[in-house]
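> Sequence:
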Amino acid sequence: MPKLLLTSFDETLAEHGHKTLRALRIDTLQVNVGKLCNQTCTHCHVDAGPTRTEIMTRATAEAVLEVVRRYPELRTVDITGGAPEMNPHFEYLVEQSKASGRHVMDRCNLTVFFVRDKQHLPKFLADHQVEVVASLPCYLEDNVDQQRGKGVYGRSIEALQQLNALGYGQEGSGLTLNLVYNPLGPKLPPPQAGLEADYRDELAKRFGIRFNRLYTITNMPINRFLDDLHRSGQYEAYMEKLIMGFNPSSVDGLMCRNLISVNWDGRLSDCDFNQMLDLPVEDAAPQTIHEFDLARLARRRVVTGMHCYGCTAGAGSSCGGAIA
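Quick note: my numbering has the sequence shown finishing at residue 324, numbered continuously throughout.
Hints are computed from structural coordinates only; laboratory data are not their basis.
Each hint should be verified, as a subset may be incorrect.
Taking lysine-lysine pairs in the DSS-like style, the calculated list, with each CA pair at most 25 Å apart, reads [unchecked claim]:
#	residue 1	residue 2
1	LYS150	LYS205
2	LYS150	LYS187
3	LYS98	LYS123
4	LYS98	LYS118
5	LYS241	LYS187
6	LYS98	LYS150
7	LYS19	LYS205
Hey, can you work out the whole structure from these sequences and the hints?
Given below as structure tokens:
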């Protein structure tokens, strides 16, 4: 193993003046409602799929909503999965979060709109003014289908057209549609602004599709993508790429510094990636949604690991795309 891989993330932070990584505030509650998904994507850090049984119960969803109502500082409820819409309590969670005056985001794979009994979802999302953050890892069909499964591209384009028809991505509608790009394989995303312009031109020219923003997100060496790296013998090279690409200017904008992640069973983690590695928040902080204490969590030390290089390489990577 190259010596480079022995440099821990905390050691690299210390070299750049960060003795510990701490939260700055919490304004976003990210809620993973389960690992059930209608797709099985090669890059999925959640290891989600159609056979997964981990799913948030109504009781845990109620505990989440109790926290949302108690703390107005939590301005955004960011709902993810799996395919979050596959959870039977998804719509209730959206409705109640909106009734509490929160901004709600749905991290959507688009093809879920074609699952049985889910065809009403585009209108439901529009009616509740939910921001849709939609996965579309390329504007080319072959690349999307290679990463996410045969036929996914065509259904994704149709879903985007449905959202556009409801006003999503249209100027003045108040309905936000953001797209997400993941690289195909072990490489860093290209510059976000340039790629967004390419997406905008290609999707408008070929399909008349409009959207608000494109987010570039680095593939994390976790779960399914990690397994693929090991199988292909590219793990060490990819980690070296991430470590050599460390960008100190990305640290202040890391998502773990302004959000907390809730697992499907109510456990708390610093981010969705830590959650998938079964890394809870530090011992001194509340461990579950049932013990939630905003003040204590907002000053917690962030638990780090080698995977954190994925969020700090190049332009940085967060749930809102590039950082630096």
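> Does each hint hold? Answer for all of them.
Against the structure, the hints come out as follows:
Taking the CA atoms of LYS150 and LYS205, the gap is near 23 Å; set against the 25 Å cutoff, the hint holds. Taken as a hint, the LYS150 and LYS187 pair is honoured in the structure, with Cα atoms around 23 Å apart against an allowance of 25 Å. Our distance criterion of 25 Å between C-alpha atoms is met by LYS98 and LYS123, whose separation comes to about 15 Å. The straight-line distance between the Cα atoms of LYS98 and LYS118 is roughly 20 Å, inside the 25 Å bound, and the hint therefore holds.
Under the criterion of a C-alpha separation no larger than 25 Å, the hint pairing LYS241 with LYS187 is consistent with the structure, at around 8 Å. Between LYS98 and LYS150 the alpha-carbon distance is near 35 Å, which puts this suggested pair outside the 25 Å criterion. At roughly 49 Å between alpha-carbon atoms, LYS19 and LYS205 are farther apart than 25 Å, so this suggested pair is violated.
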